[in-house]
Amino acid sequence: MPPPKARGMTGKSSFIDPSVQEYVVAQTVHEDALQRELREETSHRSNAIMQIGPDQAAFMQLLAHTIGARRYLEVGVFTGYSALAMALALPPDGRIVACDVSEEYTAVARRYWQRAGVADKIDLRLAPALETLEQLVAAHAEPFDMAFIDADKENVGNYFEACLKLVRSGGLILVDNVLWSGAVANPAVNDADTCALRALAFKAANDDRVEVALVPMCDGILIARKR
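For the sequence shown, position 168 matches number 167 in numbering that gives the first Met the number 0, and the numbering has no gaps at all.
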């Protein structure tokens, strides 16, 4: 895994000038006060790089509104910023299934979800995500409108396949970190995480089940629309 490049609390991209990132956030992102508070709290952690940026959260909220999302699936919660943003974007009857393995990180998430009044929208399942996804498939869960994959990278292809079974036709699957600080474009970097992300991008781009776009926002977002 390549070492992450230094980034500030707002700037999450290695590809965009920090001043441009600051401009985008300042001019176009209307962040809920609790979202900002959670983002700031998380920024003091040594692994804060795992949190998505406010511009990405706003983009995901816009996508949810555009497709009329009511059911959202999240693979990888961390301290809950993305799930909070999506819970605020979903309608009152919206529901989230959120998959993670960390009691420590999701305890922070639960605290903010409660304060925001959206905890009743979020079904947090603490178990290996592939187990949770398999259970949802086996239970013939109501299809999801949108899924977001932001967990361990070696399993990204498995998460993608499971989400394809769970998302409705016309629904969206978003995969985070697909540019991996530029490592995916460097043929000299061939660790397991980088190779898994390269493989997913190639597979999705050539998969008749989806239509895709790769957006160079933050650390790269692969967007797949299920046909």
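Note that these hints are calculated values from the structure, not bench results. The structure displayed is predicted, hence computed values, not measured ones. Just so you know, even glycine gets a beta-carbon here, dropped at the ideal spot from N, CA and C. Treat the hints loosely; a few may be bogus.
Stated by the list, open to error - No farther apart than 16 Å at their CA atoms in a straight line, the calculated lysine to aspartate or glutamate pairs in the EDC-like style are these: (1) 225 <-> 210; (2) 164 <-> 151; (3) 202 <-> 133; (4) 225 <-> 207.
To be verified - Here are the in silico distance ranges between beta carbons for each label pair: (5) 181 <-> 61: 22 to 30 Å; (6) 207 <-> 21: 39 to 47 Å; (7) 61 <-> 15: 43 to 51 Å; (8) 36 <-> 168: 36 to 44 Å; (9) 69 <-> 113: 34 to 42 Å; (10) 14 <-> 189: 17 to 25 Å; (11) 44 <-> 211: 16 to 24 Å.
For each hint, the structure was consulted:
1. 225 <-> 210: Given pair residue 225, residue 210 holds - Cα atoms ~7 Å apart, limit 16 Å.
2. 164 <-> 151: Given pair residue 164, residue 151 is violated - Cα atoms ~20 Å apart, limit 16 Å.
3. 202 <-> 133: violated (21 Å)
4. 225 <-> 207: holds (9 Å)
5. 181 <-> 61: 22 to 30 Å: Roughly 26 Å apart at Cβ, these two residues keep to the hinted range, so it holds.
6. 207 <-> 21: 39 to 47 Å: Once the Cβ atoms are compared, 40 Å apart, the range 39 to 47 Å for residue 21 and residue 207 holds.
7. 61 <-> 15: 43 to 51 Å: violated (18 Å)
8. 36 <-> 168: 36 to 44 Å: holds (38 Å)
9. 69 <-> 113: 34 to 42 Å: violated (22 Å)
10. 14 <-> 189: 17 to 25 Å: Hint holds: Cβ distance 21 Å, inside 17 to 25 Å.
11. 44 <-> 211: 16 to 24 Å: violated (32 Å)
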